[in-house]
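*Asks:* Take a look at the letters that make up each chain.
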Amino acid sequence: MTGAQIAANALEGIRHGERKRLAAQLFNGFMYGAIGLAFLALVALIGQTAVKGLPGLSLQFFTNFPSRINPSTSGAQSAIVGTVYLTLLTAVFVIPVGIATALYLEEYADKTRWWNRLIEVNIQNLAAVPSVVYGILGLAFIVRGPLGIGPVLLAGGLTLGLLVLPVVIIVARESIRAVPPSIRDGALALGATKWQTVSRQVLPSARAGIVTGVILSLSRAIGETAPLLVIGAASSPRFNPSGLNDAFTALPIQIFTWTQDPNPQFVDQAATASIVLLLILLGMNGIAIVLRNRYEQRW
Amino acid sequence: MTPVTSTERERVRTDLVRARSARSAREGLIKGILVLAALLSIATTTAIVFTLLQQTLSFFGTVSPWDYFTGTKWTPLLAGDQQSFGVLPLLWGTFYLTGIGLLVAIPCGLLAAIYLSEFAKPRVRKAVKPILELLAGMPTIIFGYFALTFVTPTILRGLFGIPVNQFNGLSAGLVLGILVIPTIASVSEDAMRSVPSSLREGAYGLGAGRLQVALRVVFPAALSGIVAALILGASRAVGETVIILIAGGQEPSMTLNPTQSFQSMASFIAATARGDIPQNTLKYETIFVVGFTLFCVTLLLNGISAKVVGRFRQVYE
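Going down the list, the protein sequences come from chains A and B.
Numbering follows the working numbering, in which position 279 of the first sequence is assigned residue number 279; successive positions increment by one, without gaps.
Take any residue in the second sequence, note its place counting from 1, add 1000, and you have its number in the working numbering.
This is chain A alone, in the form it adopts within the complex (with noise of 0.2 Å):
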């Protein structure tokens, strides 16, 4: 090999990697900028909420009605309320319900029977179905037909309650499962019955996992707009529930009301009933985080 040939070599060893480095810089180029997009989507999203929607958060907008014609003295006070018991009356039906079924499928259910299989990939399409299929389901089914309630609180409450209830029972599942086996053996060796070794050992032990995943599935129904819509939940109400059997609105659906109004600053309190919303979540993702770090245990 002459040294010519070995400069040419290595010259040519050099631009290789000079390319490669150019294509690493350029893909990192491509990757911060994917990342930057993603996170300045989220700036103008809270962004333009927050211009918008800050100007209109005061005291009267918590206690005051929806109007129609005036929105100096509109506020939101129906649908805060309306949110709040949604979410009340989906915790007590979803948390037993959601739980059992967990338990059944991991502590009960025999998994090479063909029925406890049905029933697994039957909860894992049940969380893809779209929630506005809930909300058909809801009408035809809770609203009209079988229970035939109207469009009424409960009404609201149960078709969010099914609309979860696959996600809790997931979530559910997942912590259930992560209770190291040892601690059931142990249990069951020192004469506990099944229930007792489920109820006073394993749920205990996997309480961290469910009370986070119910919450977060909790927080997912409360920001849901389509199924309350179809199943008709009321627009702009100036009184707030005063039972199960009452109408009812919800914050998602006064802020679509809101952004059909012909009036600009009727739009800028759905910004304004965004930020309410907003904190809500907020609120209940906090208290997810705390509860987990209390109870969380490792194995």
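Hints are supplied without guarantee of correctness; some may be wrong.
[What the hints assert, rightly or not] Straight line, CA to CA, 30 Å or less: simulated DSBU-like cross-link-like pairs of lysine-lysine:
1) A:Lys111 x A:Lys194
2) B:Lys1073 x B:Lys1283
3) B:Lys1307 x A:Lys194
4) A:Lys111 x B:Lys1307
5) A:Lys20 x B:Lys1126
6) B:Lys1283 x A:Lys111
[What the hints assert, rightly or not] Stretch-level coverage of chain A by chain B, calculated; a stretch enters the list once three of its residues show a Cβ under 8 Å from a Cβ in chain B:
7) 140 to 148
8) 215 to 228
[Unchecked claim] Derived CB-CB ranges, DEER-like:
9) A:Arg117 x B:Glu1251: 39 to 47 Å
10) A:Asn293 x B:Pro1278: 49 to 57 Å
11) A:Val51 x B:Phe1160: 16 to 24 Å
12) B:Thr1255 x A:Leu57: 36 to 44 Å
13) B:Glu1251 x A:Lys194: 54 to 62 Å
14) A:Asn263 x B:Phe1160: 49 to 57 Å
15) B:Gly1158 x A:Val121: 43 to 51 Å
16) A:Ala23 x B:Lys1073: 48 to 56 Å
17) A:Thr112 x B:Thr1255: 30 to 38 Å
18) B:Pro1163 x A:Gly47: 21 to 29 Å
19) B:Gly1080 x A:Phe30: 50 to 58 Å
20) B:Lys1073 x A:Tyr295: 27 to 35 Å
Derived from the structure by calculation, the hints contain no laboratory data.
Each residue gets a CB set at the ideal place from its N, CA and C atoms; glycine is no exception.
Using the hints, position chain B against chain A.
*Replies:* What follows is chain B alone, placed relative to chain A:
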């Protein structure tokens, strides 16, 4: 110690038996309650399919399925000759807007996933992940508000000078994309992180650079999970309602021009179904037909995604 008489022993034994049978009865009862809860999910599915199917069949008693699946005009709310039940515009609106969204979400989501899984330092990862989660947990109604009041007037008309309608597919599609980025990013990141590090180390040992390892080793190895992530994202966009309802307009159209107004299957349902819609009318039945179509489309997408994961999954020790 006094000797235990046989009658005493007998009594203790029957007590034990009784206690045991009471216990097993209680255990059985509890199991029964749990089974009942589990069956509720089956009942939900049955109820969904039953209601959708019942009204759909009734609808097809009036309108022929051929007209429904091949018609290019969707005007169910008009009267007389103007009325037409071709679902293609709704299907088109659904997939066209989903396509626009994926055009944004696939590159962004995948690049973010590659970055988080292969390049980011743990500290950066810890900072970026919550941003994605925040984006994922945001109610879609706020995205709709954002599309209507910011993306359409400020970005599209203002920044890019595109003469879009107040309600247009471009804005709705783009925001749909933003909505789906976290889904695609976090699911594909999980897939890439589950690729064992021995693969990476092997490639480094052969002289590969970081970029090569990420794109030629990790990415292909995680492909099944990534494809599943993309389908999941698409399925989410297909089922999304309010963004399109608020920003995309409520006019079904079959145009390629994204500055026009569009309607998707989900947004048609939400625009039409309200609590006061009269029952046993053709209008009422259209909600269910379109709902059933949407249900089948998302079911199909999920089926494909499950198949992809099942068939191409690489199992590592």
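*Asks:* Now tell me, hint by hint, if it's right for this structure.
*Replies:* Checked hints:
1. The straight-line distance between the Cα atoms of lysine 111 (chain A) and lysine 194 (chain A) is roughly 17 Å, inside the 30 Å bound, and the hint therefore holds.
2. Pair hint lysine 1073 (chain B) plus lysine 1283 (chain B) holds up; C-alpha atoms about 15 Å apart against a cutoff of 30 Å.
3. Pair hint lysine 1307 (chain B) plus lysine 194 (chain A) does not hold up; C-alpha atoms about 36 Å apart against a cutoff of 30 Å.
4. Only pairs whose Cα atoms come within 30 Å are accepted, and lysine 111 (chain A) paired with lysine 1307 (chain B) is accepted, the gap being roughly 20 Å.
5. Between lysine 20 (chain A) and lysine 1126 (chain B) the CA atoms are separated by roughly 29 Å; this keeps the pair inside 30 Å, and the hint holds.
6. Straight-line distance between C-alpha atoms of lysine 1283 (chain B) and lysine 111 (chain A) comes to about 44 Å, which puts the hinted pair past the 30 Å bound.
7. Beta-carbon proximity to chain B at under 8 Å applies to 5 residues in the stretch 140 to 148 of chain A; the threshold of 3 is reached and the given coverage holds.
8. Three residues within the 8 Å Cβ limit are the bar, and the stretch 215 to 228 of chain A against chain B gives 8, so the coverage statement holds.
9. At roughly 45 Å, the beta-carbon separation of arginine 117 (chain A) and glutamate 1251 (chain B) lies within the given 39 to 47 Å, and the hint holds.
10. Here the CB-CB span from asparagine 293 (chain A) to proline 1278 (chain B) is close to 52 Å, well matched to the stated 49 to 57 Å.
11. Checked against the given bound of 16 to 24 Å, the beta carbons of valine 51 (chain A) and phenylalanine 1160 (chain B), roughly 21 Å apart, stay inside it.
12. Taken as a hint, the range 36 to 44 Å holds for the pair threonine 1255 (chain B) and leucine 57 (chain A), whose Cβ atoms sit roughly 40 Å apart.
13. Evaluation of the 54 to 62 Å hint for glutamate 1251 (chain B) and lysine 194 (chain A) yields a pass: the beta carbon distance comes to about 59 Å.
14. Between asparagine 263 (chain A) and phenylalanine 1160 (chain B) the CB atoms are about 28 Å apart, so this pair departs from the stated range of 49 to 57 Å.
15. Separated by about 48 Å at the C-beta atoms, glycine 1158 (chain B) and valine 121 (chain A) satisfy the suggested range of 43 to 51 Å.
16. Checked against the hint of 48 to 56 Å, the C-beta distance between alanine 23 (chain A) and lysine 1073 (chain B) comes to roughly 50 Å, which is consistent with it.
17. A hinted range of 30 to 38 Å is violated for the C-beta pair threonine 112 (chain A) and threonine 1255 (chain B), which are about 53 Å apart.
18. The beta-carbon spacing between proline 1163 (chain B) and glycine 47 (chain A), approximately 25 Å, falls within the hinted interval of 21 to 29 Å.
19. Checked against the hint of 50 to 58 Å, the pair glycine 1080 (chain B) and phenylalanine 30 (chain A) passes, with Cβ atoms roughly 55 Å apart.
20. As the Cβ distance of lysine 1073 (chain B) to tyrosine 295 (chain A) is approximately 57 Å, the hint placing it in 27 to 35 Å is violated.
The earlier numbered hints that this structure contradicts are 3, 6, 14, 17 and 20.
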